[in-house]
Structure formats: structure tokens, C-alpha cells
Amino acid sequence: MTHSLEKLPVLCIGSVLWDIIGRSSSAMRQGSDVPGRITRVPGGVAMNIAMALARFDVPCELLSAVGRDAAGDGLLAQARARGLGVAHLYRSEDLPTDSYMAIEGANGLIAAIADAHSLEQAGDKILRALEHGPLGTVQAPFGGTIALDGNLTLDLLRRIAKSAIFARADLRVAPASPGKAERLAPFFGHAGTTFYVNLEEAGLLCHSGFDSAQTAARAMVERGATRALVTDGGKAAAFATADLCLVQTPPPVLVARVTGAGDTFMAAHIAAERNAAAPDIALSAALTAAAAYVSGETPL
Numbered sequence: 001m002t003h004s005l006e007k008l009p010v011l012c013i014g015s016v017l018w019d020i021i022g023r024s025s026s027a028m029r030q031g032s033d034v035p036g037r038i039t040r041v042p043g044g045v046a047m048n049i050a051m052a053l054a055r056f057d058v059p060c061e062l063l064s065a066v067g068r069d070a071a072g073d074g075l076l077a078q079a080r081a082r083g084l085g086v087a088h089l090y091r092s093e094d095l096p097t098d099s100y101m102a103i104e105g106a107n108g109l110i111a112a113i114a115d116a117h118s119l120e121q122a123g124d125k126i127l128r129a130l131e132h133g134p135l136g137t138v139q140a141p142f143g144g145t146i147a148l149d150g151n152l153t154l155d156l157l158r159r160i161a162k163s164a165i166f167a168r169a170d171l172r173v174a175p176a177s178p179g180k181a182e183r184l185a186p187f188f189g190h191a192g193t194t195f196y197v198n199l200e201e202a203g204l205l206c207h208s209g210f211d212s213a214q215t216a217a218r219a220m221v222e223r224g225a226t227r228a229l230v231t232d233g234g235k236a237a238a239f240a241t242a243d244l245c246l247v248q249t250p251p252p253v254l255v256a257r258v259t260g261a262g263d264t265f266m267a268a269h270i271a272a273e274r275n276a277a278a279p280d281i282a283l284s285a286a287l288t289a290a291a292a293y294v295s296g297e298t299p300l
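The sequence shown begins at 1 in the UniProt record's numbering and counts up one residue at a time.
Among these hints, one or two may not hold up.
Said to hold, decoys possible - Pairs of lysine to aspartate or glutamate, EDC-like flavour, derived with a Cα cap of 20 angstroms:
no., residue 1, residue 2
1, K235, E200
2, K162, E93
3, K162, E182
4, K7, D33
5, K125, D94
6, K125, D155
7, K7, D69
8, K235, E182
9, K162, E200
10, K125, D115
11, K162, D115
12, K162, D211
13, K125, D69
Because the hints were derived from the structure by calculation, they are not lab data.
With the sequences and hints as input, model every part of the structure.
Here is the structure:
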């Protein structure tokens, strides 16, 4: 599958919310009570991808639901300051701005809760600009890249997989979390879809257990993915199509943060392909960018 440089913005569809992250340099387990830092930053899969794309000078537009509340106003101000397109966000009078809370220790993500209920309740209202313009219509569907996350409801994702307004798009999908991985099953067999998943998510989507990203990526393609990228933390990652499978190991780094690493990987891969990078170069660029993010070198 060849991806040429596009002038159209990347549309980032999914969660746009506030991340509240507690991080400690100590290893943690259930019941741990340790010193650390608590931060509140813009987040959500779609927002994280868009912010990472902006760091690679890739224009993007957010399609999501944000409340008409103080939290929503602050979130939009942060998005604008980063150069993200927010003109087509659905802003509800009744639904509050969503949020995400996570605890991270030296041994990785300990626990997280995603409150994306407003996004789920907004439903297809977030897609109005794709159906009725100016981003596209049923008669003239959007023909650029769309990054779609699994925080949408299963019903809406099923409808998107069959919708004419997505028929021409270069569709990139990510599950948001293992708990939502199976929501992406409708995109198996959808021509031109690229999956970005970790090893656990690949196993859930394929109803199987895998011992390597390479095995998982091949299984994703056999299941119906046009292309699949599978990561496995600091271990080897894989990119697979029907006639190609690449395996690369990410640069070793000290882990400073976890939340958002997969989104950075996806954005870096999209950015590299927009610059016509070969598959091996694009995979390497994505792994390098994700490693820099995990190490804390990349600013939030």
C-alpha cells in the first residue's frame, strides 16, 4: 500500500479530554501509597495523536465532543495553542468534558479509568463535518488520512466501517485500551485500514495468545487487516501486510512515562508515511519517536 504526501489535514476522531496522571519513581502494586507527581494535561487518544502530529508539522483537525464548561474551554485553549484544528468539535450544553485518570509506577501502568461517556453519548454528532461538509459529504467523501480511536461506541464504529463517508479515507485505527480492543473488529476486511495495537490488544482482536509481535501482526492480516502494526513495550515490534512482515526492536530507554506512548508511535508512523518513507524507515521512525516520548525527552 503506497502513501503519498497529502495536503489534506489528518482528521483525528475520538477522545479529547483531560489526563490526570499520577507518576511515581517507585515500583507499585495494589494498595501502594507512595510519593510522586500528579499532572493534568490535555489527553485522550485523538488529542494525543493530534498533538504528536503537530510536533511533526502535520496539520490536523479534531472531531470529538467537548463540553461547554470551564474544563472544555481550557482544553480548546490548549489545543489552539498547539496549532490543532478545533473548528469542527461538537460542543454540548448538557454533556461535561471527559477525563482520564491513571497511576504509573517504575513498573509501568498500574491502573487507569477512562471517563469518555460524553463522547459516547454524542454519537455521530461528532461526524457532521464529514457528512454535511466542509470536510466531506456522502457524494464527495474525505480522501485523506483519518486516525480513529476505539473510545467511540461499538455501534458507531460498526456504522463507520460501513459508511460511505469513510469510503475513500486512508483509515488508521487504534483501540485506546485493551478493554476496548474488540470494538475495532468491524474494520477487519475494511479495505485500506491500518491497525495500531499492542500485543495484548492483538490477542483480544484475534481471540488468541501471541508470544511475539511478528506472530500477532501476521495473524491480524490473516484476520482481515490490510496492514497491522503491533508493539510489545521494549521488545520487538512488527509491521505486516499480505506480502510483507518487518520486525524491529525499539531503542532501549529508561521509562519515565507510559500514557500516550502508543499514540506517539501511531502519529510518528503517519507522519513518516506522509513524507513517503519506505516501510522499514517509517517503522523505525515510529519506534524512535515512541522511545523518546517514554524516556521523557519529548515535551508534553
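Status of the hints after comparison with the structure:
For the hint pairing K235 with E200, the CA-to-CA distance comes to about 13 angstroms; that is within 20 angstroms, so the pair holds. For the suggested pair K162 and E93, the alpha carbons sit about 30 angstroms apart, so the restraint of at most 20 angstroms is broken. Between K162 and E182, the direct Cα distance comes to roughly 17 angstroms. Compliance with the 20 angstroms bound is thereby established for this hinted pair. Using a Cα cut-off of 20 angstroms, the hinted pair K7 and D33 is violated, with the two alpha carbons roughly 49 angstroms apart.
Of the pairs offered as hints, the one joining K125 and D94 holds, with about 14 angstroms between alpha carbons and a cut-off of 20 angstroms not exceeded. Proposed proximity of K125 and D155 is supported: the alpha carbons are some 14 angstroms apart, at most 20 angstroms. Restraint check for K7 and D69: not satisfied, since their Cα atoms lie roughly 33 angstroms apart, outside the 20 angstroms limit. Only pairs whose Cα atoms come within 20 angstroms are accepted, and K235 paired with E182 is rejected, the gap being roughly 23 angstroms.
With a C-alpha separation of about 26 angstroms, the suggested pairing of K162 with E200 is violated against the 20 angstroms cut-off. Only pairs whose Cα atoms come within 20 angstroms are accepted, and K125 paired with D115 is accepted, the gap being roughly 19 angstroms. The straight-line distance between the Cα atoms of K162 and D115 is roughly 27 angstroms, outside the 20 angstroms bound, and the hint therefore fails. The straight-line distance between the Cα atoms of K162 and D211 is roughly 33 angstroms, outside the 20 angstroms bound, and the hint therefore fails.
At most 20 angstroms may separate the alpha-carbon atoms for a hinted pair to count; K125 and D69 meet this at roughly 18 angstroms.
Checked against the numbered hints given earlier, this structure breaks hints 2, 4, 7, 8, 9, 11 and 12; the rest are met.
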